[in-house]
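Chemist: Chains H and L supply the protein sequences, listed in that same order.
Numbering (this note's numbering) for the first sequence: 1 to 432.
Numbering (this note's numbering) for the second sequence: 1001 to 1301.
It should be emphasised that the hints constitute simulated quantities derived from the structure, not laboratory data.
Backbone N, C-alpha and C fix where the C-beta goes; we use that ideal spot for every residue, glycine too.
Mixed in with the good hints, there may be bad ones.
To be verified - Each pair of labels, with its calculated beta carbon distance range:
(1) H:V317 with L:Q1237: 47 to 53 Å
(2) H:K295 with L:I1127: 20 to 26 Å
(3) L:Q1074 with H:E247: 28 to 34 Å
(4) H:K64 with L:A1020: 53 to 59 Å
(5) H:E247 with L:I1127: 38 to 44 Å
(6) L:A1062 with H:K123: 40 to 46 Å
(7) L:H1147 with H:A250: 22 to 28 Å
(8) H:N60 with L:H1147: 44 to 50 Å
(9) L:F1107 with H:T417: 33 to 39 Å
(10) L:Q1237 with H:S226: 43 to 49 Å
(11) H:E61 with L:F1150: 53 to 59 Å
(12) H:K144 with L:A1043: 29 to 35 Å
(13) H:V317 with L:D1153: 51 to 57 Å
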Amino acid sequence: MKKKAIFTVMVILMLFVTAMVFMASCSDSSKKASQSEQLVNWWHIGTAANDRVMNENFANEFMKANPNVKIEITVLENEAFKTKLTTVMQSGNPPDVFQTWGGGVLAQYAEAGLVKDITKYVKGTEWGNSMAPGVWEVYSSGGKVYAAPNDAGCITFWYNKDLLAKVGYTEFPSDWDDFIAMVKKLKTAGIIPIALGGGDKWPAMHMWSYIALRIGGPQLFQDTFSGKNTLGFEHPDFIKAGEMLAELTALKPFQDGFLGATYNDEAALVGNGEAAMELMGQWAPNVQKDNSSSKEGIGEKLAAAPFPSVKGGKGTVTEVIGGGGGFAIGSNASEAAVDFVKFLTNKENQITIAKTNGSLVTTKGAEVGISDPNAKMVKALVDKCTFFQLYLDQFLTPAAGGTVNDSVQTILAGTATPAQACAAIQAAFSNN
Amino acid sequence: MAKRHVYKGLAGRANFWTIAVLLGPALILFTTFVIIPVFQAAAFSLYKWNGLGPMKNFLGLANYQQFFSDLIVQKALSHNLIIAVISLAVELPLAMALALIVSNSKFKGAVFFRTFFFLPYMLSEVITGVLWQFIYHPQYGLITTLHGIFSPDSPVPTLLGDPSTVLWAILVVIIWKYFGLHMTIYIAGLQAIPQEQIEAATIDGASKTRIFLSVILPGMRTAVQLSVFFSVLGSIQLFDIIWAMGKGGPVNASETIVSYMYRVGLSRFNIGYGSTIAVCIFVICLIFSIIYQRLLVKEAE
């Protein structure tokens, strides 16, 4: 009995001591962080080598100028980033500075108080005036600004000039019927007409939403979101867009196994010169390079062209679907995080960003960093566009946006008719 | 008598504290990270909630109604069932056969092969998924290369990109990954069988099949029960490999119930319905465990 008692006491003591040490070490570290330095966690998705180095340089430079600030970088691949961000958001612990695409997702974070309202830093300030009001709009909801823009572009076709020339096209078709004819010729010539990351779903979603925009014009989108179009996504124009996508799919224009392919697979096919084109945003050339076996992409052979118009449709080629990226600031972030975002979006650094990865930077005067003719063309398209629609899956709430992506995939796989797919989208849209 | 003595001792006061101290930490951790979340999920499942901010929209049992009429849930559960059946019908017999071979003392390379067959199990699920994605890749993969050599004229196999083949392609990976674990369980089970029994049966003139059916298999009852249990529960909870190899797609063709829960709850910010699915998975696992335990107890009696 005595032995047991001694044992018991020892165990209790051990636990007690362990707990004490543990608690002491915890409080110690938190004290250190709050007193001597401000920590800024920065999550970005620039996984390409040049992006990683550039962002590390930015962080180092900022820390050098502000010795009391420590910036910790987390680099995440696009899909992994979205997943991980959702998890930390639901636990109420946003990173201090992180990638955002604005729209419905950012608005939901804002509603839950997870991102900093930066309106006071922007409205009427030097920083706010350094960019056009329209680009701040993507990151605003309810009249308040929740993130700073960094990049604004649009989705275009990125094509291989040499491969198109092989089937007799020196210019990209501006009309859908002509486009279909070209796809058929490419297919006959044994070239993969279009690379598509159908497994990731969103690349295909852009195709459907662009066709819908060309058929219904801006009015269709505006009326759908305002509720004036009572049919919502079951409007005949959206269904017609699905049917046209199904017709395109029936030509087998995509690479083998596209339904299981990722966006990186898509970029690799264009970057290796195996597929003639992809429908993608302004980051396409950079990602193509990074995923190509030579790490060089197709260089000079690459060109960009606006999405073709559809005969009889209300839309024109000057209406674009696009977006870009920005920096959101977590609600718990210190002032240093705001300063760091200001630093990232200053003219000098925006020029560096544009030169490094071809981002279509938004700070006035930084466009001198954009040297690539394709990037300039996309930038011009955005600057002169008559209507700008943020990517549907980002514009809508995550539940509705996710359903759009899923439903477009069912059209491609032929498991649902376009009417059924649109009904599914409308159900999710009206429910969320 | 000895048994009673032990119980009496444990009831003593000093021993109460010993037990409390020894069990306490584990109990606290288990309660915090398992028991409480189960009840939390049950509470979430009654709301329409995006996981951000306070819960406002009380739905009652509407999420459960949706669960039972959700076609994707039915599809996903049928995939879980297929995976469980294939695991039991293919993976376990394969593991048994290999276990018998590599535990044969006359077999020279036994130790090497034991380690070799166990290797896939030591890889993480995500690495396994990425590895097999390379193998299955329709443009640059090993399968495509082999296909190009042996039958260049037929269409390229797009195993992960075709809704009709994706589940089977992933099943191959699952079997490849987990048979080593079951083989190891069986090897342990085989070692517990007294050699004398097998020798006695051999002397009595029993055939090899007879020995297997009447001596080895009954002797391995516990090992088989354990591996069946792991295999079925593993099939219900399967997620990592599915997610790594195609996120349950294309068009839900490789969706399992857990991957669907993850998609709905975390990707779609629909924590309410996601929790409903989680609660239902919990109930399914619980029912299976209880029935299985009952059956085993009955059998033992």
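Chemist: Next step is simple, just say for each hint if it's right about the structure.
Modeler: Quick rundown of the hints versus the structure:
Between V317 (chain H) and Q1237 (chain L), the C-beta spacing of about 50 Å keeps the proposed range 47 to 53 Å intact. Hint check: K295 (chain H) to I1127 (chain L), Cβ distance near 24 Å, so the stated range 20 to 26 Å holds. Between Q1074 (chain L) and E247 (chain H) the CB atoms are about 31 Å apart, so this pair conforms to the stated range of 28 to 34 Å. Here the CB-CB span from K64 (chain H) to A1020 (chain L) is close to 54 Å, well matched to the stated 53 to 59 Å.
Here the CB-CB span from E247 (chain H) to I1127 (chain L) is close to 40 Å, well matched to the stated 38 to 44 Å. A C-beta distance of roughly 42 Å is found between A1062 (chain L) and K123 (chain H), which places it inside the suggested range of 40 to 46 Å. Roughly 25 Å separates the CB atoms of H1147 (chain L) and A250 (chain H), a value that falls within the hinted 22 to 28 Å. Separation of N60 (chain H) from H1147 (chain L) is about 49 Å and conforms to the stated range, judged on CB atoms against 44 to 50 Å.
Remark: the range hint 33 to 39 Å for F1107 (chain L) to T417 (chain H) is contradicted by a beta-carbon distance near 58 Å. Here the CB-CB span from Q1237 (chain L) to S226 (chain H) is close to 44 Å, well matched to the stated 43 to 49 Å. Checked against the hint of 53 to 59 Å, the pair E61 (chain H) and F1150 (chain L) passes, with Cβ atoms roughly 56 Å apart. Separation of K144 (chain H) from A1043 (chain L) is about 32 Å and conforms to the stated range, judged on CB atoms against 29 to 35 Å.
Taking 51 to 57 Å as the suggested C-beta distance range, the pair V317 (chain H) and D1153 (chain L) does not conform, at roughly 41 Å.
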